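Asks: Sequence:
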Amino acid sequence: MGISNCGPGNKASVIAGCDGRGKKYSTYLKEKPQQNSVTVISPVCDGTHVSIPPSSACAVEIYTAFEMFAAKGISCQSLFIDGVSCLRIETDDFKRIQRRQFFRVNVNLDIQISEEIEKDIRTAEIRSATALDISGGGMRFISDKRFNPGDKIICRITLGSTDTFVLARIISSEEAGGFKKGAVVYASRAEFFGIDRTQQEKIIKFVFSKQRESLSKQKTPTCI
Numbered sequence: 718m719g720i721s722n723c724g725p726g727n728k729a730s731v732i733a734g735c736d737g738r739g740k741k742y743s744t745y746l747k748e749k750p751q752q753n754s755v756t757v758i759s760p761v762c763d764g765t766h767v768s769i770p771p772s773s774a775c776a777v778e779i780y781t782a783f784e785m786f787a788a789k790g791i792s793c794q795s796l797f798i799d800g801v802s803c804l805r806i807e808t809d810d811f812k813r814i815q816r817r818q819f820f821r822v823n824v825n826l827d828i829q830i831s832e833e834i835e836k837d838i839r840t841a842e843i844r845s846a847t848a849l850d851i852s853g854g855g856m857r858f859i860s861d862k863r864f865n866p867g868d869k870i871i872c873r874i875t876l877g878s879t880d881t882f883v884l885a886r887i888i889s890s891e892e893a894g895g896f897k898k899g900a901v902v903y904a905s906r907a908e909f910f911g912i913d914r915t916q917q918e919k920i921i922k923f924v925f926s927k928q929r930e931s932l933s934k935q936k937t938p939t940c941i
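Heads up: the sequence shown runs through residues 718 to 941, numbered per my numbering.
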């Protein structure tokens with residue numbers, strides 16, 4: 718399956734910012750992608766349509782069951798199609814990316830992080846955090862610090878009985894409510910970088926094992 722097989726209803730994301738590392742907004746395709754443009758339903762955040770000014774640089778991701786297609790773009794037009802608010806984006810050619818490393822699973826996993834990336838995390842100043850979801854390409858976590866996009870951290874993640882150490886780059890970080898009563902916490906998204914294949918495979922295997930557990934539970938009958 719290629720980008721030409723994608724169409725209305727395919728899940729997509731619009732990532733604000735000239736380098737594609739800004740805030741990511743989930744949405745869906747409204748129309749079949751064209752050669753140099755894509756039309757998505759206007760993303761909604763906190764009940765309000767997200768406004769992306771014309772000529773703003775962004776990135777677009779389109780998802781299928783096993784692949785992801787990504788391209789850099791320029792927001793060119795806000796419009797209504799069949800009464801639905803939409804956003805049309807001029808794009809470069811889409812590149813196909815295998816989704817295996819990006820498949821993520823929800824977790825509640827205690828981790829350790831440090832900004833002292835040049836040091837061994839076992840001797841560096843560390844901060845406790847909780848991973849909320851994780852994939853072979855990155856994770857979302859909460860901590861007591863608000864990071865800046867581009868900040869680099871080293872993470873110690875315990876997967877089963879094995880510790881995995883990875884470097885990560887912060888994509889976004891913002892205050893989040895509903896996690897710890899009476900405490901201010903921040904939800905951050907980070908992408909792994911410089912990760913070797915062995916470490917990435919450990920994370921991917923963990924993700925798929927958790928997914929199998931989840932599917933098994935869904936298939937198990939429950940008594941009411």
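By construction, these hints were calculated from the structure, which means they are not laboratory data.
Take these hints with a grain of salt, some might be off.
[To be verified] Each pair of labels, with its calculated beta carbon distance range:
| id | residue 1 | residue 2 | range |
| --- | --- | --- | --- |
| 1 | Ser795 | Gly734 | 37 to 43 Å |
| 2 | Glu835 | Leu796 | 46 to 52 Å |
| 3 | Thr847 | Cys793 | 37 to 43 Å |
| 4 | Glu842 | Glu908 | 18 to 24 Å |
| 5 | Ile814 | Gly724 | 14 to 20 Å |
| 6 | Gln794 | Phe882 | 29 to 35 Å |
| 7 | Ile814 | Lys922 | 15 to 21 Å |
| 8 | Gln794 | Asp850 | 22 to 28 Å |
| 9 | Thr840 | Glu748 | 28 to 34 Å |
The model shown is predicted, which means the values in this text are computed figures rather than measured ones.
Think of the CB as a built atom: it goes at the ideal place given N, C-alpha and C, for glycine as much as any other residue.
Asks: Run every hint past the structure and note whether it holds.
Replies: Going through the hints against the structure:
Roughly 18 Å separates the CB atoms of Ser795 and Gly734, a value that falls outside the hinted 37 to 43 Å. For the pair Glu835 and Leu796, the supplied restraint of 46 to 52 Å holds, since their beta-carbon distance comes to about 49 Å. For Thr847 and Cys793, the Cβ-Cβ distance of about 40 Å falls inside the hinted range of 37 to 43 Å, so the restraint holds. Range check, Glu842 to Glu908: Cβ separation about 23 Å, and the 18 to 24 Å hint holds.
Under the hint 14 to 20 Å, the C-beta atoms of Ile814 and Gly724, about 19 Å apart, fit the expected range. The hinted window of 29 to 35 Å between Gln794 and Phe882 is violated, with their beta carbons roughly 45 Å apart. A beta carbon spacing of about 20 Å between Ile814 and Lys922 agrees with the range 15 to 21 Å that was offered as a hint. A hinted range of 22 to 28 Å for the beta carbons of Gln794 and Asp850 is inconsistent with their spacing of about 33 Å.
Our hint of 28 to 34 Å for Thr840 and Glu748 is violated, since their Cβ atoms are close to 54 Å apart.
Checked against the numbered hints above, the structure breaks hints 1, 6, 8, 9 and satisfies the rest.
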